[in-house]
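A.B. asks: Sequence:
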Amino acid sequence: VGNIVGIIPARGGSVGVPLKNIKRLNGKPLIAYTIQAALASNCLDRVIVSTDHDDISRISLEYGAEVPFVRPKDISEDVDTELVLQHAIKYIEENENYKIDAVVLLQPTSPFRKVKTIQKCVKLYKETDDADSVVSVNNIEGHIVSPTMKVSDL
6 VGNIVGIIPA
16 RGGSVGVPLK
26 NIKRLNGKPL
36 IAYTIQAALA
46 SNCLDRVIVS
56 TDHDDISRIS
66 LEYGAEVPFV
76 RPKDISEDVD
86 TELVLQHAIK
96 YIEENENYKI
106 DAVVLLQPTS
116 PFRKVKTIQK
126 CVKLYKETDD
136 ADSVVSVNNI
146 EGHIVSPTMK
156 VSDL
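Numbering of the sequence shown is given in this note's numbering, commencing with residue 6 and proceeding in unit increments.
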């Protein structure tokens, strides 16, 4: 496996909580947890943030991520993450002549991800010849729907 790049999609226009990616959690911007874990993993060749917002860009740079482009408006709304990743890969490969062989998608809204989780995913990917992807998931105790909820509430 060649170049493995961590890509963090972080738009400014969240519908539910605007600028949620830089809201403070225990004194630190939410996105900082993801950037720090990605950098500390020492298994990613680059850590890139795809954003459309100046403050997210500035904070991402302060915490050590790269922000090599401003995400275009047409993929800065509520769009498929796949489009965001495709744009980032195309931009880097075409504008920096840098070949990306594998991507680690790191959502900034998962601040409690452990460094070892990133390391295990990359290791598993490298060691599995016939895999084209690896996904990490968490077991949620109980059921996501409360026993007191009505179907009409969903």
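Don't take each hint at face value.
Restricting the straight-line Cα-Cα distance to at most 35 Å, the calculated cross-link-like pairs of lysine-lysine (DSBU-like) are [claimed, not checked]:
id, residue 1, residue 2
1, Lys121, Lys25
2, Lys131, Lys119
3, Lys104, Lys121
4, Lys128, Lys95
5, Lys119, Lys28
6, Lys125, Lys95
7, Lys131, Lys121
8, Lys119, Lys95
9, Lys25, Lys78
10, Lys131, Lys33
11, Lys33, Lys125
12, Lys119, Lys104
13, Lys78, Lys119
14, Lys104, Lys33
15, Lys33, Lys95
16, Lys104, Lys131
17, Lys128, Lys25
18, Lys128, Lys28
19, Lys25, Lys104
20, Lys25, Lys119
21, Lys131, Lys95
22, Lys104, Lys128
23, Lys28, Lys78
24, Lys104, Lys78
25, Lys121, Lys28
26, Lys104, Lys28
27, Lys95, Lys78
28, Lys25, Lys95
Note that these hints are calculated values from the structure, not bench results.
A.B. asks: Hint by hint, where does the structure go against what was stated? Just the numbers, ascending.
C.D. replies: none
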